[in-house]
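Here's the letter readout for the chains.
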Amino acid sequence: MRMPATLVEKILARASGRDSVMPGEIVTCAIDLLMMHDSGGPRRVASRLQALGARVWDADKVIVVSDHFAPATDLESAEILALTRRWAATRGVKHYDGVGICHVVLQEGGHVQPGMFCVGGDSHSPSGGAMGAWMVGVGATEITGALVTGTLWIKVPQSARVNCTGQLQRGVSAKDIMLYLCAQLGMNNDNYAIEYAGAAVRGLPIAERLVLCNMSAELGAETGIVAADQHTLDALACAGRAFAGDLSHWQSDADAVFAMQVDVDADSLPPQIAAPHSPANSAGIDTLTDRVTIDQAYIGACTGAKLSDLRMAAAVLKGRQVASGTRLLIAPASTAMTAQAAAEGTLATLTAAGAILLPTGCGACAGMGAGMLAAGETCIASTARNFKGRMGSADASVWLGSPYTVAASAVRGAICDPRELLA
Amino acid sequence: MSLEVIRGRCWVFGDQIDTDLLAPGPYMKQPLAELATHCLEAIAPRFAREVRKGDIVVGGFGFGIGSSREQAVQVLAELGVAAVVAKSFARIFYRNALNLGLPALCCETLQVADGETLEIDPLAGRIRNLDRDVEMHCPPIPAELLDVVAAGGLLPWLQQRRAAPPA
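Chains H and U supply the protein sequences, listed in that same order.
Its first residue numbered 1, the first sequence is counted upward by one per residue in the numbering used here.
Its first residue numbered 1, the second sequence is counted upward by one per residue in the numbering used here.
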């Protein structure tokens, strides 16, 4: 008899060579794609592989992305990047070198396909779920093990479903859904793999689905996923890697068991903001009564600086100026997106408003690149995390919001509901 | 990860001790010994200076939430921390701890205050507060992973396996 299965269970069963899997079981899965970046990648695994006398199990399934320390801002960064470059070249491993943030370039390149079992050496690896694949983050020692064995053990999580009904309103984005969920569900959802579904999700482009899956990390979930559909197929065809599998199989069965269901009414969801120092400190922007003046507005990172995010910022900034005494920093998530933003005029709108363009890379989101904060400074960022000290001084305050909200706040010089400027 | 009984003085922290508190991003380029001096400085400046070899770090829910950086585990080991006990762990931190040989035990009913002494039996899943003479239980390490843990972590386990491939 056929066992009804969720999408996640189908992928884990396929990858572990079983007919079915049960939540709680520990299964060993064959890896279809392994991604590592310059921070947790060659720099930390090369010597370990050497000590083991081991080789990479399959160089064609490994992708290295330099994004955390790129471009080099000091000698240490330069050496890390050089080591990463040498390692990838000598192993014949595909290397994206400073051209984009790992989760974004994987999607742009069409590397992640529906039904795949992927692992990444970065906590925001659940981003791969935007393509209907399983992708989880692990640390560098586990990446080393995975590089040698081509496998990863997984304790089969319970499946949860976030059902987003209706349609997001103007000035509201996937980021707002995730900040809302961080406040509703907290950050300890480690027993769950979250499938995002419903009309509002089906209406979202891949870049916005990436935000949902990406910030599953902030929910503390095992991973996040959106079942593939025509948007997914179009994105893969656009990347020159058309999907050849059976799309109808990579969906949760209609009678599959979800251990938790959460409903989100997109129609009535207002923009959300997270107060320092946790994404879980989120609330609707309409609940903010005090004026919060900001020194810096930051549009960056995998979560918040894709082309779709730059367009959101541009929609707010068009014909406006960044407030005096406030700086707006923008670090696009990939060079291809920068080029497209330039070609279509989005970039000109941002720079005309006074935005300062930064290099592509993880940058200040990871506390590593340009845009760090001094003690006492306040920032609003389109990134995923506002933990104490993450973007510089432990005495800085970071708020989180959507690219709309960050751009609107840059114009006002204080945290501001973007709907006031979009009306 | 040692499977022997561990006895140590506790440093007790709250919920959601994140990886940026444990291993702050701005110091991630520095050698581990330097990074370790900044461990938890944003909330407990004394900790890195005063923690002693064999001490135990205690957390609430979601210990180690955030980044995949395993330096968050390594700085604790570097400072001599013998084990971490928390009400729950962020998934990557937990995996990193097992992989790197730092005992990590999950105990929702933990009763302990700063400076008290815990005795932990990781194999039996038993924790005793020696100051209060109370015993608490925690899930033991999953049987599937005991080999890795007994070997002292993932790399020693891989090394053993490569030296003596299974028949």
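Just so you know, not all the hints are guaranteed correct.
List time: in silico BS3-like cross-link candidates among lysine-lysine, alpha-carbon distance up to 25 Å [what the hints assert, rightly or not]: (1) H:Lys94 / H:Lys61; (2) U:Lys53 / U:Lys87; (3) U:Lys53 / H:Lys155; (4) H:Lys388 / U:Lys87; (5) H:Lys61 / U:Lys87.
Just so you know, these hints were derived from the structure itself, not from any lab.
Quick caveat, the model's predicted, so the values are computed rather than measured.
Hint check:
1. A threshold of 25 Å between alpha carbons decides the hint, and for H:Lys94 with H:Lys61 the separation of about 9 Å falls inside it, so the pair holds.
2. Proximity of U:Lys53 to U:Lys87 is assessed by CA-CA distance (about 23 Å); at most 25 Å being required, the pair is judged to hold.
3. The suggested pairing of U:Lys53 with H:Lys155 is violated, with an alpha-carbon distance near 32 Å, which exceeds 25 Å.
4. Restraint check for H:Lys388 and U:Lys87: satisfied, since their Cα atoms lie roughly 21 Å apart, inside the 25 Å limit.
5. Of the supplied pair hints, the one linking H:Lys61 and U:Lys87 is violated, its CA atoms being roughly 37 Å apart against a limit of 25 Å.
Comparing the model with each earlier hint shows violations of hints 3 and 5; every other hint is respected.
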